[in-house]
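Chains S and V, in that order, are what the protein sequence lines are.
Going by numbering that gives the first Met the number 0, the letters in the first sequence line up with residues 0 to 424, in that order.
Going by numbering that gives the first Met the number 0, the letters in the second sequence line up with residues 0 to 424, in that order.
Read the hints as simulated data drawn from the structure, not as lab findings.
Treat identical chains as interchangeable: a pair holds within one or across any two.
The calculated lysine-lysine pairs, modelled on BS3-like cross-linking and capped at a C-alpha distance of 27 Å, are:
hint	residue 1	residue 2
1	Lys326	Lys222
2	Lys235	Lys394
3	Lys307	Lys67
4	Lys80	Lys222
5	Lys118	Lys424
6	Lys80	Lys42
7	Lys303	Lys235
8	Lys424	Lys307
9	Lys424	Lys67
10	Lys80	Lys326
11	Lys326	Lys74
Number of protein chains: 2
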Amino acid sequence: MKKHQNLFRDLQEDFRKMKKNLLVAQSGGPTAAINATLAGVIKQAIKEEQIDQVYGACYGIQGVLEQKFVNLTEKVDTEEKLEKLKRTPAAALGSCRFKLNDIKEDDSQYQEIVDILHKMNIGYFVYIGGNDSMDTVAKLSAYCKEKGVEDIKVIGGPKTIDNDLCGIDHCPGFGSAAKYISTVFCELEQEITVYEPKNVIIVEMMGRHAGWLTAAAALAEGKNGNVPYLVYLEEKPFSLDRFIDDVKEKLASTNAVLVAVSEGVHDTEGRFLCEQEESRELDVFGHTKLSGTGKILEEAVRAKIGCKVRSIELNLLQRCAGHILSKTDIEESGNLGANAVKLAVAGESGLMSSLTRVSDAPYTVEYSGVDIREVANKEKKIPVEWINEAGNGVKEELITYLTPLVQGEVSSIYENGMPSYLLLK
Amino acid sequence: MKKHQNLFRDLQEDFRKMKKNLLVAQSGGPTAAINATLAGVIKQAIKEEQIDQVYGACYGIQGVLEQKFVNLTEKVDTEEKLEKLKRTPAAALGSCRFKLNDIKEDDSQYQEIVDILHKMNIGYFVYIGGNDSMDTVAKLSAYCKEKGVEDIKVIGGPKTIDNDLCGIDHCPGFGSAAKYISTVFCELEQEITVYEPKNVIIVEMMGRHAGWLTAAAALAEGKNGNVPYLVYLEEKPFSLDRFIDDVKEKLASTNAVLVAVSEGVHDTEGRFLCEQEESRELDVFGHTKLSGTGKILEEAVRAKIGCKVRSIELNLLQRCAGHILSKTDIEESGNLGANAVKLAVAGESGLMSSLTRVSDAPYTVEYSGVDIREVANKEKKIPVEWINEAGNGVKEELITYLTPLVQGEVSSIYENGMPSYLLLK
Chain S
0 MKKHQNLFRD LQEDFRKMKK NLLVAQSGGP TAAINATLAG VIKQAIKEEQ
50 IDQVYGACYG IQGVLEQKFV NLTEKVDTEE KLEKLKRTPA AALGSCRFKL
100 NDIKEDDSQY QEIVDILHKM NIGYFVYIGG NDSMDTVAKL SAYCKEKGVE
150 DIKVIGGPKT IDNDLCGIDH CPGFGSAAKY ISTVFCELEQ EITVYEPKNV
200 IIVEMMGRHA GWLTAAAALA EGKNGNVPYL VYLEEKPFSL DRFIDDVKEK
250 LASTNAVLVA VSEGVHDTEG RFLCEQEESR ELDVFGHTKL SGTGKILEEA
300 VRAKIGCKVR SIELNLLQRC AGHILSKTDI EESGNLGANA VKLAVAGESG
350 LMSSLTRVSD APYTVEYSGV DIREVANKEK KIPVEWINEA GNGVKEELIT
400 YLTPLVQGEV SSIYENGMPS YLLLK
Chain V
0 MKKHQNLFRD LQEDFRKMKK NLLVAQSGGP TAAINATLAG VIKQAIKEEQ
50 IDQVYGACYG IQGVLEQKFV NLTEKVDTEE KLEKLKRTPA AALGSCRFKL
100 NDIKEDDSQY QEIVDILHKM NIGYFVYIGG NDSMDTVAKL SAYCKEKGVE
150 DIKVIGGPKT IDNDLCGIDH CPGFGSAAKY ISTVFCELEQ EITVYEPKNV
200 IIVEMMGRHA GWLTAAAALA EGKNGNVPYL VYLEEKPFSL DRFIDDVKEK
250 LASTNAVLVA VSEGVHDTEG RFLCEQEESR ELDVFGHTKL SGTGKILEEA
300 VRAKIGCKVR SIELNLLQRC AGHILSKTDI EESGNLGANA VKLAVAGESG
350 LMSSLTRVSD APYTVEYSGV DIREVANKEK KIPVEWINEA GNGVKEELIT
400 YLTPLVQGEV SSIYENGMPS YLLLK
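Isolated chain S (complex conformation) (with noise of 0.2 Å):
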């Protein structure tokens, strides 16, 4: 009887090594869809007998060096919580900015996260991030398959706003901001039009490098009035003077303009816009010195136009609108972060959880895994053939492609007249 029972529970310790943890953190800038793709590894993990608990690093790969972890099975351990941490904006575990060192000179702190995940019996990581994001879990499956590190599966979860990462057709966290930016233009279309005399607003949009986020102002034209857009990516040179004329051909015919601008347009020698000598120029007039792109075109407009002119920059609003959020980017960012799962579980180790668009109508997706290296450290930009010849609009590939992303609301959950989210830290 005593032999027996022995037997139990060998045979319960070996299920027990079977088992293995999964660990998660996210990195880089906030997302309104982030903690869809934190619900989505969640509740795959849960259901995958392969792992016994899930846990979380808080602030990135910084929080799993200094072995700052959550318990996520307990602290998420309701399907209404999943739903409040889909909702919740911003990055529930924290977010760092943090470069591991180059592995050729020092691969100490490698080891030093492989030791502190063989500790906790991590035997998958899911790294939920943008590129370099995506770098780190290139970096670290690397040093695991080199050293033979066959027990710790390392998988990436894309994430960014600014929707540039390779490998993917569109990034979670873009279809919400997209859908946000476009709602606020139809907003502003309606405030422009709501005097009669003469009268421009400029907005700003984030991403340094690729202009997907002001190109989403496009979706918005056309569908509540006639105002016409000027929209300007980086992906084309910028002139200040042809910018003027733009504005100018416009108001000849109409009230109101609208444009989209994004922070990082810059002129054929890739000087940005406050670089440029004919923004410098503005100063003679005696205006305030300036600061954002938004604000050198507006007074720009205001010095060679004269005309009622505005700027607005939407900063940080773009990024962590829990209150409009596409329901398509919160499903699919879910279903990447389950993917990510799946393929941990599977084996693989060094992709990142990927899709594919089958079709655009009807909107199909498929999910897979790309290998980490076709995404760290590249960037993907608007097809210049999607922007129009005079490099201030867009064609309609580029509504097409944008258009499924933006479908379907979601909003937060409301607690007393105020949001209501999951915290994790």
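Based on these hints, arrange chain V on the given structure of chain S.
For chain V alone, kept in the frame of chain S given last:
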């Protein structure tokens, strides 16, 4: 028989003469709820037996003088359109910033308006707007009384995101703007706690003469975390040095501080922040020259504390955010519009449609009319006893006042992923 026919025709004619048309117009700055008031006016006017057609003047009183009218009985002829109008931001009829002549110097404009209204058989004129618009209502109704024009009743419909009208507990439009602002603060609180290093976010709100909008930020404090807020209202003198001390003190015990500031904060002598010597001093650091209040504070934190800091100007977004409205505000705005019609039909003139708060819990209001002269050209500020001694936060009385105004959620109506509005002009 012929005699009878004539009699019938005469009766019909008498009956038609008894019925009058209603004219409604909108004025002043846009809000997200002014069209809910317009919808309330239309809905009630259609119900009233004494009212024949409902007309709208485009671009406020200027549109009346220019006879730019639309027939709203025809344009808004279904419940579905009324619902869409309720959720359309800005002013669907257009607005103006037009000051009528001083009645003592030249009253010809007033007679011109009366002649136009008579020509169109207008018996009821509802003018929706803020302070300046109520001045127009006061002058026009006074003119009618003085000249014995008894067949035109003029009623004001309140509207302003600034919440600074006298004669009413709170202003339509304010609740939705307050909900937007407190929601944004909930979101920024998630955003600011994503990274560990010390971090300050400063948000500048509209309202040159009253701090109600800025105060709304305080509704978010403690709801989704424990980030300390600093709230600066224009009702208390502002000092840049004290502000820096406040931020330093908070940062001594926490990593993140959220600052809400009214655009019009000023020192004890009434000088706006940008006119104060301390803020000019900042230039010696060689930073970008300053523009708005938020930017000045951002530069001050950067120069004197040196931590991560960002300023956000909510700009037009706070007054046209139709994608997140207060249900309470939208309902009350509609009721105030309906109440304006009821007052006019009851033979009143020279009143503003108003509401009184009967109780905080359960929150109940009563609708009434107040003498327009008690409203026009006055400003309601936040009682200083609702602000803390240090002038950097609000007291419970202010929270109690604000809380019912942001209850419930109404969003835009979406079609194919984009908001869909009712256009009237």
